[in-house]
Amino acid sequence: MIKFTDDDILRIDEHFAQEGIPFHARPFHAANKILGTRFSIGFGQDPLFDEIVHTYERLIPEVKFTWPGMGTGLVASLDRVKKVTVGIAFGTVNLKIYKGLGFSTETEWFDWCRKDYKIAAKSAFAFADMHDLVYGINENITKENNSLIFWGLAAEQMKLVSESLSQSGSISSSVLQPICLTAELSMKGTLLHLGIPERDLRNPKLFGHNLFKLGEKMVQVESHKDDQLLLGMLNKFPNYVEDRYRETQLTRLEVISIALSAQFIAASAVRRVSGRDLSSQIENSEVGLRSNYFP
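Position in the sequence shown (first residue = 1) + 257 = our numbering.
Hints may contain errors.
As the list claims (entries may be wrong) - Straight-line distance between alpha carbons at most 27 Å, and here's what the computed DSSO-like set of lysine-lysine pairs gives:
1) K470 to K339
2) K470 to K493
3) K353 to K482
4) K375 to K482
5) K340 to K321
Honestly, the hints are just simulated from the structure, not real lab data.
Using the sequences and the hints given, assemble the complete structure.
Dropping the structure here:
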């Protein structure tokens, strides 16, 4: 009878890490390794297969990640924040931004924007960022590296930010961490996708949590029209490692601005490798350049 222990799984996982096998594929490879000739999937599957997978998930939770095909972000009307979920639609879709933002009519959307064209334009760009991030991740789900995990975790951090800021309560320093992690994880995912070794991304001497260094490297490896705006935004981010133990002096408006910047940075990181770019379509409309609204 075949048996395995937690130590066996951890030892196998260390070997897989050295081989560069993606997290999501490791339980499958472990089952193959442990079961040998008894390995099969589907009808006649060895009961130990599920046991191996469940043990792996318990010890290494990262293997459980699956892209849900949707993401949650935010739009703002001054200091009012609306949480918005964007899901993958298949087939021909007639995309209307106000519907994507959860409004029944353009009038309802414009009223929420205080009948201010600048606020409406900003919310349109925010929706484009959510769209490009979600669809861009979805188009890369078959890539055999861990970039999907980084992008997925960035999307999860953005969801936490949206849920926090959509509440009307006071702002606390705790929300800055997921804001900064959204930017950090998304850029690391793209750099990994572009061939930067994961060990370099985890090296505190090379990047650590320095968002501007990550942005500079990403721009250097894969340039995009967003670059100047992206680097300017990164330069305004707080140092969340140093600031997480003290109360922020930032106003609600300032935190919302940084959160929208993080959403843009995450979208831009994925945009440059996916080709999804609703943002450019908006810029090419009567709305004009994003930089006119996000100086």
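Verification of the supplied hints:
no.	hint	result
1	K470 to K339	violated, 31 Å
2	K470 to K493	holds, 13 Å
3	K353 to K482	holds, 24 Å
4	K375 to K482	holds, 21 Å
5	K340 to K321	holds, 26 Å
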